[in-house]
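There are 4 protein chains.
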Amino acid sequence: MEITTKLKPVLKKFMDVRAHSEEICQPLEIEDYVVQPIVDVSPPKWHLGHTTWFFETFILLPNFPSYEVFDPQYNFVFNSYYETIGARVIRTDRGNLSRPSVSDVYRYRKYIDEKMTEFLNSHHMSNEILPLLELGLNHEQQHQELLITDIKYILGHNPLFPAYKKEIKKEEYGNSEKRMLHFSEGIYEIGFEGPGFCFDNEMGKHKVYLNDFAISDHLVTNGEYLEFMDAGGYSDFRYWHADGWNWLKENNAQSPLYWHKIDGKWMYYTLSGLQEIDPDEELSHISFYEASAYAAWRGMRLPTEQEWEAASSCFPWGKRWEWTNSAYLPYPGFKKEPGAVGEYNGKFMVNQMVLRGASVATPPGHSRFTYRNFFQPELKWQFTGIRLAK
Amino acid sequence: MEITTKLKPVLKKFMDVRAHSEEICQPLEIEDYVVQPIVDVSPPKWHLGHTTWFFETFILLPNFPSYEVFDPQYNFVFNSYYETIGARVIRTDRGNLSRPSVSDVYRYRKYIDEKMTEFLNSHHMSNEILPLLELGLNHEQQHQELLITDIKYILGHNPLFPAYKKEIKKEEYGNSEKRMLHFSEGIYEIGFEGPGFCFDNEMGKHKVYLNDFAISDHLVTNGEYLEFMDAGGYSDFRYWHADGWNWLKENNAQSPLYWHKIDGKWMYYTLSGLQEIDPDEELSHISFYEASAYAAWRGMRLPTEQEWEAASSCFPWGKRWEWTNSAYLPYPGFKKEPGAVGEYNGKFMVNQMVLRGASVATPPGHSRFTYRNFFQPELKWQFTGIRLAK
Amino acid sequence: MEITTKLKPVLKKFMDVRAHSEEICQPLEIEDYVVQPIVDVSPPKWHLGHTTWFFETFILLPNFPSYEVFDPQYNFVFNSYYETIGARVIRTDRGNLSRPSVSDVYRYRKYIDEKMTEFLNSHHMSNEILPLLELGLNHEQQHQELLITDIKYILGHNPLFPAYKKEIKKEEYGNSEKRMLHFSEGIYEIGFEGPGFCFDNEMGKHKVYLNDFAISDHLVTNGEYLEFMDAGGYSDFRYWHADGWNWLKENNAQSPLYWHKIDGKWMYYTLSGLQEIDPDEELSHISFYEASAYAAWRGMRLPTEQEWEAASSCFPWGKRWEWTNSAYLPYPGFKKEPGAVGEYNGKFMVNQMVLRGASVATPPGHSRFTYRNFFQPELKWQFTGIRLAK
Amino acid sequence: MEITTKLKPVLKKFMDVRAHSEEICQPLEIEDYVVQPIVDVSPPKWHLGHTTWFFETFILLPNFPSYEVFDPQYNFVFNSYYETIGARVIRTDRGNLSRPSVSDVYRYRKYIDEKMTEFLNSHHMSNEILPLLELGLNHEQQHQELLITDIKYILGHNPLFPAYKKEIKKEEYGNSEKRMLHFSEGIYEIGFEGPGFCFDNEMGKHKVYLNDFAISDHLVTNGEYLEFMDAGGYSDFRYWHADGWNWLKENNAQSPLYWHKIDGKWMYYTLSGLQEIDPDEELSHISFYEASAYAAWRGMRLPTEQEWEAASSCFPWGKRWEWTNSAYLPYPGFKKEPGAVGEYNGKFMVNQMVLRGASVATPPGHSRFTYRNFFQPELKWQFTGIRLAK
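Protein chains in written order, with my numbering: chain L, 1 to 390; chain C, 391 to 780; chain E, 781 to 1170; chain A, 1171 to 1560.
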């Protein structure tokens, strides 16, 4: 029968994604699961619970008749921002909750995984549910990236600088010479076209008209950024947006996140602990404001997201989320879906900038050249980097 | 000689623009010149001084050898945000300064007007200075619009609701039926192309590719907006951006600015005082968030600035600054000019939305269909309105 | 008849006090009446209106049958903090009101003065109203002191440093040697005992038991305080309360208010303009935290208000409000009066410190050795000084 | 020899106090040790580490030559507010630290306990160290009370309302009738007089003169306080200090802490979980502002700390910390001790109110009738209550 043959790989995919979240947390102490040092960083146990709540709320509850809720209070605790789904713990309070305990959360995951397995093997499962399941899995993959960046923040802001894993194999960097790639004026096509999964904000393949542009085939390195710092880039307002300059002064920003000048030497916190800066590594953990100021100092600019997408087949990408100079706005013809799923992307389409590519923290199989990541311009705790254009 | 024949109209233009600023302030009490009820609203005397300082600092000082500064302290008081030009009174403190007095500021204006007349008639004047002079005059015209909106705010937030002028002739509204105008997919040209003056952010005429779109030939009226309010638009999160919903709750936003429900009836403060709402008048004083929520409630959207510009010859405009769904970003090839003039527009190109058109407060001769106005999405003290698209 | 013979001096007292408020404002520009640079400093026109509103609200309205309110909106504008009397402009917004204009406020004063004269000469006046009248006059005298300190703040925080009056005769300082006056352990009597006016917080003469103490017969001078500053007093936490140390760091406090180090020399703003520090003058404009830290650095302490009062007949006082180490609390048997008058003092009896004495800004005839002034410990815009004890 | 005979009980006392802290934490999950929901509430693991750090820093390091620091980073983590001892984690960040882990902290405690045992048995121990040891033990007892109040806050603000212990024996309340006890005007003696331990703020027995007063022999009950709430006490400004009224409005205070109106019935969170209010139980968890407003509503007042101490032998006390109307100020002759120990009490003597008595959370043997507890007037997470006076 058609359904069951389809179900097997779906179930395997489900179990793989679910297991990967727990693997990411495997090196943690129980205490590391609990804290929330800044509002943007959620406690790891919250990520584990929230992604589980997603399957419970959007798949099991409405579709699996025999399903019994694990704990009726968890909706309040693990809802993130879905107004449709009712009251919730406000985001800044996530780090104040010692309960549910970490073991409660793992029991919750186990319960949901068992129920989902039952459900996916049952006659209640149907092709119509597949898109929602895929959304749930992609949602969990997004939180896997956040788990890594949030764990890095939690450990990297602890005065003891504990390592996440002692041995992390460093990615190699391509050694070829840097070049600017040139593209000609004209009409290009942008946006996702099936088959396969994408988020609603990528949909609606459409034509754009681009002017001549050039884009680098390499990311900016730590060494190149140090030149900007040494040249006084953080104290010359001419390179900065007005908002960026205010942000710099209010936060006394002087370097990428995780950088510390110790005994006259620049060090940075990595997931393996505190290390000396590697000048050849791709720069990471900078805000849009810093990316933009760096580009201005080089006499260049950041690419637009359309330029990036049009050129993306011509350079390697995937180590850093690359800030573009595009605001996060709807594609032509974008429509919010009805219900809670419609809150996924559309309501954030103001005051944020688009990032393209993917990063070392992105789970395998979760990146696409049409993927639109987005964050407020001051945030720097993701693995963000710079690709220059002109 | 070529220069003098050119100068005469320039001098007349100069005197006309300068006189218009003072005409706007003519109905004010001295006290009205001084206060700053919110950070966005500057005291009228500050506008009068700041526009004057612009001519002193950028034209007279560098170009007129015999020029003597009126008061060396005024640079500190009347510089707005030009980092290039040195220290300045911070923006939030403008309303704390009782001195220079209003009569001092008028003496300052008189002194600069005389010196400018001398200069424009002297052999120091040259064609190269003309663009700077034009920038200074357009700058003063922008502040004329701010003078009106800021005076309205100052008087409209006073518990006595004093009128600015008792008799203001109301603009007539066109009575024809509302229609959606349809435009076909294809390449359009956007941006300013001479001759004449424009700001740097309009420059670089360039091609864009637009999809099929439709745009209204009328602005939304108070009566139409009341339908949204009566339908519970301010209490249904589904129509709002996440940032807009937070803004609404934090500010308890429930209506356009200047609207008051008094004894069960909606009234608004106008420059002639408190009046009953006119349902046929074009809606004004709403934020981008409200504009966007209204459009969503109607099942429509706001136009992009490119759509607006492409269609602008087919409908009347000029009564309200119309929020678009475009973030304020550089046009292809945009370059900041060197020096303080380069701070005019470029450094604001993040976190703001574009408004197109002009308003009842825009001085005559200061509007263009390529003009890009821009404000943060929560601001509503300008004469802002809504044109729907889909 | 008894009443009329009593009334004549009462009327003269009324007219004298009322005239003195206007004399204080005589050197001001209209603009100076309007601004409110910090929440503690009210616009001079507000003081002029508020003291007038006091007579209108508490005397004329309830007692003078023919009285017609000057403007029904003024209650909203000029009520300060009397919850009993209804809604009011919030304190931080006083500087946002350009209307009523200064001339409106003077017309208001003239109207009330005329009505009060009529009233005081009418048969509606009675002995029972005298205490309220006295309260109103003492209230206005308190605001006369605030007028001076607030004008000083407004002009002294203007970047042009305008003088209030060019020629202010400097008070002479006593030149005799400083001595500590010694008092013996035992019972002392504290508090006001008639006849004459006092505030409710001074009432209830009562016994206290004091230990041996010594108190200086001089105030600390600028020169002595400079020794503390030069010895690093502002950077040694050991002399400071924990709250004071936080306050110092948050506000970067480094000197008394109005002091500026210009070209390596300490200057201060006086009502005659910017001048070099006079080392022999009594120190002024320091917070309780600074007073307390200075005393600790000298190995001394501040007196309690009981010690101050017990000793006050043995030293000259009246140039500076002297911080004591007494919190502002009720005397034994203190009772709030019913109605709005009961809000005068009692509700502030927490989180404030008592100051004793009077200052150069206190109007003649308004000081008593039982007078209890009180302010939050961080405030320094009053003419506050230090007398040491041990 | 004298020393060893003295040491044995000292060592037993040390071990008893140290063990009691760990007993208090015995019912906790690891996650409960980590969080800090408000700045006043510290994570339990921080209390356990900080009290340990006190012995390490003030006894072992300066006095035990062979002592090796457990971890040099811990000073930064576990210093609370001692400026003398160097940099420290700011108080608001304590809940952001997942490391040191709970097991690390227990290892730290074990290490210090062993070293302290060695030290107390060694010839390095001397009578001079006894006062410091006693201070350390009393310090840990103070933190035992905070451990209980902070655990209550952490669990009581969790949406799951977990119980700390299911079975907590409720204290009985005395059932005799309430009476006012009357005391006559005259001289009383206040303050600690040896032998035995007291804090420096209790020292200096001294005479005070008190007027006639009466004080209740019972604490206010929940039922009595409900009468105040039902009578609209929280919405009538006349009973409140001005600061209290602002606090009430800003925080929307409507009841004691931990009270919830659920389905029309008042419930409160207790250490055994959510329960119905017991009207006969002594009221707890109210701010000074609420205590003061309640007393005013009853036509009474709070006692001063001197009245409380003078009368304390005539009524039972020890279930609630009782707010007094005395500000926390130095006793006559108070002197800060030199060094870090001098930071213990003196620097907080401004802006706080005195509480007298003790509470159900006070460890046995830690209360005295001369004990001066102190907190800011808005705080209510301690077991605070009301005793009326007049």
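It should be emphasised that the hints constitute simulated quantities derived from the structure, not laboratory data.
On a predicted model such as this, the values are computed, not experimentally measured, just so you know.
A few of these clues could be false.
Simulated pairs of lysine-lysine, PhoX-like, Cα-Cα distance not exceeding 25 Å [said to hold, decoys possible]: (1) E:K1029 with E:K945; (2) C:K726 with L:K249; (3) A:K1505 with E:K1170; (4) L:K249 with E:K1029; (5) A:K1505 with E:K985.
Hints versus structure:
1. E:K1029 with E:K945: Given that 25 Å is the threshold and the Cα spacing comes to 35 Å, the pair is violated.
2. C:K726 with L:K249: holds, 22 Å
3. A:K1505 with E:K1170: Answer holds: K1505 (chain A) to K1170 (chain E) is near 11 Å, not above 25 Å.
4. L:K249 with E:K1029: holds, 18 Å
5. A:K1505 with E:K985: violated, 30 Å
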